[in-house]
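Trainee: Okay, here's what each chain looks like letter by letter:
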Amino acid sequence: MSEHSPRPARFRLPLAGFLIVLTGICWREGLRFLNQRGRFLSALVRPLVWLFIFAAGFRSVLGVSIIPPYETYVLYEVYVTPGLVAMIQLFNGLQSSLSMVYDREVGAMRILLVSPYPRWYLLVCKLIAGICVSLLQVYAFLAVAWFWEVELPRIGYFTVIPALLLTGLMLGAMGLLMSSLFRQMENFASVMNFVIFPMFFASSALYPLWRVQESSLTLWWICTLNPFTYAVELIRFALYGQFAPLPALVVAGCASVFLAASILAYDPSAGVMARRGGPETAK
Amino acid sequence: MTARTGDLSPPTVPEAGVAALDVRGVTHAFGARKALDDVSLDVPAGSFTALLGPNGAGKTTLFSLITRLYDNRSGAIHVLGFDVRRQPAAALSRLGVVFQARTLDLELSVLDNLLYHATLHGVGFRAGRRRAMELLAQDGLADRARDRVRNLSGGQMRRVEIVRALMHRPRLLLLDEPTVGLDIASRAALVAQVRGLVASEGIGVLWATHIIEEIAPGDRVVVLHRGRVRANGTYEGMLAQTGGEDLSAAFLRLVDDTGEAAA
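Keeping their order, the protein sequence lines are chains A and B. Each residue of the first sequence is one higher than the one before, counting from 1 in full-length UniProt numbering. Each residue of the second sequence is one higher than the one before, counting from 1 in full-length UniProt numbering.
Simulated from the structure, these hints should not be mistaken for lab results. Glycine included, each C-beta is placed from N, C-alpha and C at the ideal position. Be careful, since some hints might not be right.
As the list claims (entries may be wrong) - Distance ranges between label pairs, derived from CB positions:
# : chain 1 : residue 1 : chain 2 : residue 2 : range
1 : A       : PRO14     : B       : GLU201    : 40 to 50 Å
2 : A       : PHE58     : B       : ALA142    : 51 to 61 Å
3 : A       : PRO118    : B       : ALA29     : 24 to 34 Å
4 : A       : CYS132    : B       : ARG86     : 54 to 64 Å
5 : B       : ALA32     : A       : TRP221    : 55 to 65 Å
6 : B       : ALA29     : A       : GLN242    : 22 to 32 Å
7 : A       : THR218    : B       : PRO54     : 56 to 66 Å
Construct the entire structure; sequences and hints are all you get.
Mentor: Set out below in structure tokens:
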């Protein structure tokens, strides 16, 4: 056995390399997105169905009184639009995570994890890539909604960007955390149904919370504890050029917790992969 | 030690006496099941070392630790002198891996797969494209660069995976049973390709296999069985150690638990 002499400990990854890694991961996510045209179509059609059919149908049944950020009565379609934007991000966040499970199942995840760049950074890059894709979907949806008389203040199309980044980070990190817990796509796909629908329905996406409180205090509590509610409200206010501090704080806090937990889950020394047995777990 | 740049820097020649890979006293368990038990081995720079072991011997677990998919909790693993756990960036930047399971993105083209890998190692698109085309041309795959991986044969996919592992100019190449599922001709071509790399580039290679025909006289051989190293030396030394007439016989004696004393 040959002796290994101690080597100088100074080795720093070049800063430019971090940018290259981010570009590469976003580029690959973009390619995958373009290759999966069905994914883009379904991401667009899903909220439009809600807007064109559900919201139009309920327009006369559900009245929305003047609540902030609205300064006047609004059509129900206008009210649900922020919720549908958040829904796009929710689906996209979990879909990106589904691709992580797929990558792990087929082994491609290993290629990401053996990069010399810090694992937390690689995961953040994956999240950023997912957020970029979700922004494309959101703006495509808002463009179509505009023709459906959902006309938002022009400034709102810009002020919503930071809100979308934050909510995308929270929902993506949540999906990332979930993806670390599942080995197979089938398991993850079925769990998605137990996450997406309860989160969406038990929130302020479809009805204002005061109306929920009138009908069920329990449901109101559930909605109040649901982070998705705050994501919806953050987007709602941002679309009208306003900043909502409490939703921003909750979303930022949840994003930090989910991100920290998912980084821990993928950590080579403390992560679930190291504990759950067999190398096949880490594929 | 200088940091690598986004562009491809020339290969760093290992210092004399520094092994490409040095594994010492590594034990790893999944719960109560011990997958590796006090494993020590080394791969000198510019050598072809075969890691021979039956299924379940612990080869893949060892690869997972070397590539830091998870950390070794005992012992030490050094790549070109860098501790994988304490200096992972330095160690992983010198490491190329071909995993047992195919890890190419079937929906992307050959070139896109290679570029994606290059960027994960901090190599920019322009330099990555140049390197990819150079390696594909050397391997006779240049005309398949734009093809989707899905349309390649199993042997071609493996060759692309080797090309991918070389994109960032590693000094140590790990291959985990790369010939599984390949026909005889593809297998022979793959072995020849990797041996050629050892000769031409001076890369240290650790080739995990359970196929004895892939090992040639003069190779270094490490036999792993039930998580323990049963033999570690040269092909010829192993024959002398076990008294076997060929490597198959020597291997069977080494992994036969009743003949443990032979190790």
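Trainee: With reference to the structure, classify each hint as holding or not holding.
Mentor: Against the structure, the hints come out as follows:
1. Distance hint for PRO14 of chain A and GLU201 of chain B: a CB-CB separation of about 23 Å, inconsistent with the stated range 40 to 50 Å.
2. The hinted window of 51 to 61 Å between PHE58 of chain A and ALA142 of chain B holds, with their beta carbons roughly 59 Å apart.
3. Distance hint check: the CB atoms of PRO118 of chain A and ALA29 of chain B are about 27 Å apart, consistent with the given range 24 to 34 Å.
4. Range check, CYS132 of chain A to ARG86 of chain B: Cβ separation about 34 Å, and the 54 to 64 Å hint is violated.
5. Checked against the hint of 55 to 65 Å, the C-beta distance between ALA32 of chain B and TRP221 of chain A comes to roughly 43 Å, which is inconsistent with it.
6. Restraint check, ALA29 of chain B to GLN242 of chain A: a C-beta distance of roughly 55 Å breaks the suggested window 22 to 32 Å.
7. Taking 56 to 66 Å as the suggested C-beta distance range, the pair THR218 of chain A and PRO54 of chain B conforms, at roughly 59 Å.
The earlier numbered hints that this structure contradicts are 1, 4, 5, 6.
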